[in-house]
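Peer 1: Sequence:
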Amino acid sequence: MNLALTAAGVTIRGVAAVSPEWGASLAMPLFGSVAKPRPVRPDDEATMWRARRRTVRIAGVDRRGVDIDTFEWGAGTRTVLLSHGWNGRASQFTPLVRELVAGGCRVVAFDAPAHGSSAGRRTYLVDWLDVFSALQQRYGTFDAMIGHSFGGLATLVGVAGGTDAARVVTIAAPADADLLLSQFQSMLRYPEAVATRMSARFASRYFPGQSDPFAWLSSVRRPLPADVPLLVIHDEGDRMVPYAEAGRIMSAHAGARLLATTGLGHNRILVADAVLDAVLEHVEAPSAARTSPVPSGARTAAVMPAAAPDELITASVAA
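If you read the sequence shown in our numbering, its first letter stands for residue 2, the second for the next number, and so on.
A couple of the hints might just be wrong.
Unchecked claim - So the derived label-pair ranges between C-beta atoms look like this: (1) 78 / 211: 34 to 42 Å; (2) 286 / 7: 44 to 52 Å; (3) 43 / 103: 17 to 25 Å; (4) 179 / 120: 26 to 34 Å; (5) 228 / 188: 36 to 44 Å; (6) 228 / 282: 12 to 20 Å; (7) 261 / 287: 18 to 26 Å; (8) 261 / 58: 34 to 42 Å; (9) 103 / 7: 39 to 47 Å; (10) 282 / 122: 34 to 42 Å.
Quick caveat, the hints were computed from the structure, so don't treat them as lab data.
Even for Gly, the Cβ is constructed at its ideal location relative to N, Cα and C.
Given only the sequences and the hints, what does the whole structure look like? Please build it.
Peer 2: Below is the structure:
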């Protein structure tokens, strides 16, 4: 944790001793703040230069409008959407982009608000969902959606809510938004009284009018449609999103496949050959007949039964 967040935590805890509500009001603006964008790695520059760059405009968390940079490679008939995580950027996917394009796919990615080359200073999951919607209008049904970390959670939430995708891959993804709030609390070390008020502010700020947004933001409480094949990839030693989150996602998705890796951590997992091979296999697998997509908001929050152990296809890959 950097010095600025350490100082913020001290201030929030001090104010919370007087008023937990005041403490929550100080903590809330920090929750949607994004660190300075990471640079594009030299190995990724050539792939990014070859991208066809466009923009889409979404409302943004402040509902004032923000332009999002999008990237497109290839000209295949199958469209695959890539969704990066918090403090990430589209360029992290360049090894996967090259593999998918070589396999005949059209690949689309984006830099979320305040990430990469996109405008903005603050963001949250609602922005990812708005980008999905805008890109769906541009490209139609996605043959696959692949999300890393926070982008994996956004992908699960989006497809459960009506984004039309034939199949999904999550890489190092949390199962729900509860983990993000609890990690934020652990980082700033504010008390439970502040955490309770933070949850209420989070719900009213980002999801006004939702009676229980935490059910809506949970892949466990609101899983994917049964006809959307899911591949879950996670490293057993991930220090940012615990490996147990993969188990929680799997428990709600009967028939999902799990690829467990070792020694790859949270980010290097994106470039591992075994991971790239597994993603390509999942994307290229024949699609079963699917039911018509359900409009956003029309799906119920039913919890699917956990899959029996022999229904889970698990592979372990060493670094």
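Peer 1: Does each hint fit the structure? Answer for all of them.
Peer 2: Results for each hint:
Range check, residue 78 to residue 211: Cβ separation about 37 Å, and the 34 to 42 Å hint holds. About 47 Å separates the C-beta atoms of residue 286 and residue 7, a value consistent with the hinted range of 44 to 52 Å. Here the CB-CB span from residue 43 to residue 103 is close to 21 Å, well matched to the stated 17 to 25 Å. Checked against the hint of 26 to 34 Å, the C-beta distance between residue 179 and residue 120 comes to roughly 30 Å, which is consistent with it.
The beta-carbon spacing between residue 228 and residue 188, approximately 38 Å, falls within the hinted interval of 36 to 44 Å. Between residue 228 and residue 282 the CB atoms are about 19 Å apart, so this pair conforms to the stated range of 12 to 20 Å. Checking the proposed 18 to 26 Å range against residue 261 and residue 287 shows it holds: the Cβ atoms sit about 25 Å from each other. Against the hinted window of 34 to 42 Å, the Cβ-Cβ separation of residue 261 and residue 58 comes to about 39 Å, which satisfies the hint.
Restraint check, residue 103 to residue 7: a C-beta distance of roughly 46 Å satisfies the suggested window 39 to 47 Å. The hinted range of 34 to 42 Å is satisfied by residue 282 and residue 122, whose Cβ atoms lie roughly 39 Å apart.
Checked against the numbered hints above, the structure violates none of them.
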